[in-house]
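The hints should help you fit chain B onto chain A, whose structure is shown.
Sequence order for the protein chains is A and B. Counting from 1 along the first sequence, just add 6 to a position and that's the residue number in the numbering used here. Counting from 1 along the second sequence, just add 433 to a position and that's the residue number in the numbering used here.
Derived by calculation from the structure, the hints in this document are not laboratory data. A portion of the hints provided could be inaccurate.
No farther apart than 27 Å at their CA atoms in a straight line, the calculated lysine-lysine pairs in the DSSO-like style are these [to be verified]:
id, chain 1, residue 1, chain 2, residue 2
1, A, K63, A, K20
2, A, K108, B, K435
3, B, K503, A, K108
4, B, K435, A, K63
5, B, K500, A, K108
6, A, K77, A, K108
7, B, K435, B, K503
8, A, K77, A, K63
9, A, K108, B, K489
10, B, K475, A, K17
11, A, K20, B, K475
12, A, K63, B, K475
13, A, K17, B, K435
Pulled a few chain A residues facing chain B out of the computed Cβ check, cut under 7 Å [claimed, not checked]:
id, residue
14, G48
15, P49
16, Y102
17, D106
18, S113
19, G114
Positions of the beta carbon are idealized from the N, C-alpha and C atoms, including for glycine.
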Amino acid sequence: DTGVSQDPRHKITKRGQNVTFRCDPISEHNRLYWYRQTLGQGPEFLTYFQNEAQLEKSRLLSDRFSAERPKGSFSTLEIQRTEQGDSAMYLCASSYTGQDEKLFFGSGTQLSVL
Amino acid sequence: QKEVEQDPGPLSVPEGAIVSLNCTYSNSAFQYFMWYRQYSRKGPELLMYTYSSGNKEDGRFTAQVDKSSKYISLFIRDSQPSDSATYLCALYGGATNKLIFGTGTLLAVQP
Numbered sequence: 007d008t009g010v011s012q013d014p015r016h017k018i019t020k021r022g023q024n025v026t027f028r029c030d031p032i033s034e035h036n037r038l039y040w041y042r043q044t045l046g047q048g049p050e051f052l053t054y055f056q057n058e059a060q061l062e063k064s065r066l067l068s069d070r071f072s073a074e075r076p077k078g079s080f081s082t083l084e085i086q087r088t089e090q091g092d093s094a095m096y097l098c099a100s101s102y103t104g105q106d107e108k109l110f111f112g113s114g115t116q117l118s119v120l
Numbered sequence: 434q435k436e437v438e439q440d441p442g443p444l445s446v447p448e449g450a451i452v453s454l455n456c457t458y459s460n461s462a463f464q465y466f467m468w469y470r471q472y473s474r475k476g477p478e479l480l481m482y483t484y485s486s487g488n489k490e491d492g493r494f495t496a497q498v499d500k501s502s503k504y505i506s507l508f509i510r511d512s513q514p515s516d517s518a519t520y521l522c523a524l525y526g527g528a529t530n531k532l533i534f535g536t537g538t539l540l541a542v543q544p
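This is chain A alone, in the form it adopts within the complex (with noise of 0.2 Å):
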């Protein structure tokens, strides 16, 4: 499968805890993003990255957030001190530098917080 990969695709979790996720672009992508979804909505933009470089992010996302991509392959979204509000879909998405506006998704990681 050459497509965005999202682990876990389940996550709960209590309320105060750490969590981690991980997305795997396409390999040939250069830009990653991640977005969240709750239910009934769109997905929201939360953070992008161009290679290694974090290059946006969102009022969305608090200080308890984190995103990474060491090399530039591979990124992680961490979420320190879950609150029930980050219950949600946490979604990664991947594009070609040029053709931005053709994000591709992974299934998305499902996150509910106790």
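Leaving out everything else, chain B in the frame of chain A:
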């Protein structure tokens, strides 16, 4: 005012019907207009892609963009139960380097 407005539905139609899905937007800088399809518990997949105004057809799907009215549409002909999904409009352009999504319209095609 939201940048992109989309009727969330749900929309229920019989098999074989023509479906019309729409979005309006406020930022005239948008230049690329996409429709994504999202099945339950899956990520969105790119369905249609249009640059600037005009029509684009792909099989049973037609995308229309009217930049003067800031209005985009997706038509599905001869709808099938397998078309049952959430349809998201997505816009790109101007100073932003990210896709802006509508809320999505949930479509159910009844056999």
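Verification of the hints:
{"no.": "1", "hint": "A:K63 - A:K20", "verdict": "holds, 26 Å"}
{"no.": "2", "hint": "A:K108 - B:K435", "verdict": "holds, 22 Å"}
{"no.": "3", "hint": "B:K503 - A:K108", "verdict": "holds, 20 Å"}
{"no.": "4", "hint": "B:K435 - A:K63", "verdict": "holds, 19 Å"}
{"no.": "5", "hint": "B:K500 - A:K108", "verdict": "holds, 20 Å"}
{"no.": "6", "hint": "A:K77 - A:K108", "verdict": "holds, 23 Å"}
{"no.": "7", "hint": "B:K435 - B:K503", "verdict": "holds, 13 Å"}
{"no.": "8", "hint": "A:K77 - A:K63", "verdict": "holds, 19 Å"}
{"no.": "9", "hint": "A:K108 - B:K489", "verdict": "holds, 16 Å"}
{"no.": "10", "hint": "B:K475 - A:K17", "verdict": "holds, 15 Å"}
{"no.": "11", "hint": "A:K20 - B:K475", "verdict": "holds, 24 Å"}
{"no.": "12", "hint": "A:K63 - B:K475", "verdict": "holds, 24 Å"}
{"no.": "13", "hint": "A:K17 - B:K435", "verdict": "violated, 31 Å"}
{"no.": "14", "hint": "G48", "verdict": "holds, 3 Å"}
{"no.": "15", "hint": "P49", "verdict": "holds, 5 Å"}
{"no.": "16", "hint": "Y102", "verdict": "violated, 13 Å"}
{"no.": "17", "hint": "D106", "verdict": "holds, 6 Å"}
{"no.": "18", "hint": "S113", "verdict": "holds, 5 Å"}
{"no.": "19", "hint": "G114", "verdict": "holds, 5 Å"}
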